[in-house]
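When we follow numbering that gives the first Met the number 0, the leftmost residue of the sequence shown carries the number 0, and every step to the right adds one.
Hints are computed from structural coordinates only; laboratory data are not their basis. Cβ coordinates follow ideal geometry from the N, Cα and C atoms, glycine included. Incorrect hints may appear among the rest.
Stated by the list, open to error - Each pair of labels, with its calculated beta carbon distance range:
1) Gln319 / Asp81: 25 to 35 angstroms
2) Ser116 / Thr306: 19 to 29 angstroms
3) Thr63 / Leu247: 39 to 49 angstroms
4) Val305 / Gln62: 11 to 21 angstroms
5) Asn162 / Cys296: 43 to 53 angstroms
6) Gln50 / Leu247: 20 to 30 angstroms
7) Asp81 / Val305: 23 to 33 angstroms
8) Asn335 / Pro114: 20 to 30 angstroms
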Amino acid sequence: MIIPRNATPSRSRYRTVPVVTRSGQRHQGFTLVELLVSVALAVLVLSGLAQIYAASKKSFEIQTTLSRVQDTARYAFDIISDDLRRAGYWGMLDMQTAIANGNLSGDVPPNGSCPSSNNSWGLMVRRRLFGLNESSTGYRCITEHRAGTDVLVVRYASAETHNPNFDIVGRSYLFAAALEAQVGTAPLPFPRPLSDTITGYHHLRAHAYYVTKAHGTGGQPRSCEGVQIPALAREHLSSIGFPQREELVTGVEQLQVLYGVDSDGDGIANQYQNADGVADWNQVAAVRFWLLVRDECPESGYTDPVTTYVMGDKNYTPSQTAFRRYLYSGTVALRN
Numbered sequence: 000m001i002i003p004r005n006a007t008p009s010r011s012r013y014r015t016v017p018v019v020t021r022s023g024q025r026h027q028g029f030t031l032v033e034l035l036v037s038v039a040l041a042v043l044v045l046s047g048l049a050q051i052y053a054a055s056k057k058s059f060e061i062q063t064t065l066s067r068v069q070d071t072a073r074y075a076f077d078i079i080s081d082d083l084r085r086a087g088y089w090g091m092l093d094m095q096t097a098i099a100n101g102n103l104s105g106d107v108p109p110n111g112s113c114p115s116s117n118n119s120w121g122l123m124v125r126r127r128l129f130g131l132n133e134s135s136t137g138y139r140c141i142t143e144h145r146a147g148t149d150v151l152v153v154r155y156a157s158a159e160t161h162n163p164n165f166d167i168v169g170r171s172y173l174f175a176a177a178l179e180a181q182v183g184t185a186p187l188p189f190p191r192p193l194s195d196t197i198t199g200y201h202h203l204r205a206h207a208y209y210v211t212k213a214h215g216t217g218g219q220p221r222s223c224e225g226v227q228i229p230a231l232a233r234e235h236l237s238s239i240g241f242p243q244r245e246e247l248v249t250g251v252e253q254l255q256v257l258y259g260v261d262s263d264g265d266g267i268a269n270q271y272q273n274a275d276g277v278a279d280w281n282q283v284a285a286v287r288f289w290l291l292v293r294d295e296c297p298e299s300g301y302t303d304p305v306t307t308y309v310m311g312d313k314n315y316t317p318s319q320t321a322f323r324r325y326l327y328s329g330t331v332a333l334r335n
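All chains should be built: construct the whole structure from the sequences, respecting the hints.
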């Protein structure tokens with residue numbers, strides 16, 4: 000068929016054919032309203048996921064802090080407890096018998112005496128246990144003591160024996176026999192001979208536990224966000240018998256101690272007193288102590304729900320409330 004040049008094509012003959020999928024449905028795009036609804040839903044989902052992540056992260060940080068504080072408290076508690084169980088161990092020697100027989104050199108040390116320039120503190124074996132109540136007055140070996148915290152002193156001899164002739168000159172020793180003993184420093188000869196057969200040469204141990212400032216590199220005090228970090232430290236005997244500082248663990252801000260006094264001689268504590276109330280330290284049969292430990296850094300937005308901690312005869316109210324804390328306490332019976 001011939002179409003004239005000026006003829007207009009029929010619309011029905013050249014109409015657009017819609018694209019149809021195999022399923023018979025036409026392809027259609029999103030409308031603007033549908034797109035906005037989809038974006039809003041996506042934002043809500045992402046916001047929810049972000050909140051879940053933030054809450055999980057916060058919970059993890061809190062649990063990590065609590066775990067760290069509890070581990071610190073447990074570690075410090077175990078160190079002191081183990082030392083208390085060793086207090087008064089002098090090898091095979093009954094120290095009270097040796098003292099009664101007058102075979103132990105040295106006199107009863109004065110209260111609160113810890114010279115920092117000689118070895119006399121380590122040789123005070125007549126007193127297996129000693130304490131100071133919320134003070135370090137007279138204990139010159141202790142510096143930067145945290146006011147309002149107790150000092151606990153424990154003494155004993157090493158379980159293993161040593162040969163003083165092959166040890167560091169000046170190390171503090173206990174020379175023990177069955178019924179007598181004396182203290183001195185390496186090497187031999189002894190300050191004076193013993194009349195009985197020597198049963199062993201033991202290193203002397205003396206530890207004074209106290210709360211102080213934590214120190215970092217170069218001996219500088221440590222702080223976090225402007226707040227001083229506390230620490231549990233102890234004085235111990237150096238290789239030549241002088242008191243020497245040893246920082247044990249950070250975060251301990253309070254130490255309180257009560258001493259169980261056996262007033263009737265049955266081996267059981269009848270009453271618990273602070274250090275100021277103990278008249279005879281040889282009557283102490285048990286020690287009860289409290290450790291309050293906190294995290295090194297304050298936590299933003301946190302307030303300690305406990306305003307006052309009851310620690311024996313002391314009610315302690317921390318001045319800083321933005322720390323997570325853990326209170327640990329226990330009683331240790333003295334074995335020797």
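Consistency of the hints with the structure:
1. Gln319 / Asp81: 25 to 35 angstroms: holds, 31 angstroms
2. Ser116 / Thr306: 19 to 29 angstroms: violated, 43 angstroms
3. Thr63 / Leu247: 39 to 49 angstroms: Once the Cβ atoms are compared, 22 angstroms apart, the range 39 to 49 angstroms for Leu247 and Thr63 is violated.
4. Val305 / Gln62: 11 to 21 angstroms: Check passed, 19 angstroms falls within 11 to 21 angstroms.
5. Asn162 / Cys296: 43 to 53 angstroms: Check passed, 48 angstroms falls within 43 to 53 angstroms.
6. Gln50 / Leu247: 20 to 30 angstroms: violated, 41 angstroms
7. Asp81 / Val305: 23 to 33 angstroms: Holds - the Cβ-Cβ distance for Asp81 and Val305, about 28 angstroms, lies within 23 to 33 angstroms.
8. Asn335 / Pro114: 20 to 30 angstroms: Given range 20 to 30 angstroms: holds, Cβ gap about 26 angstroms.
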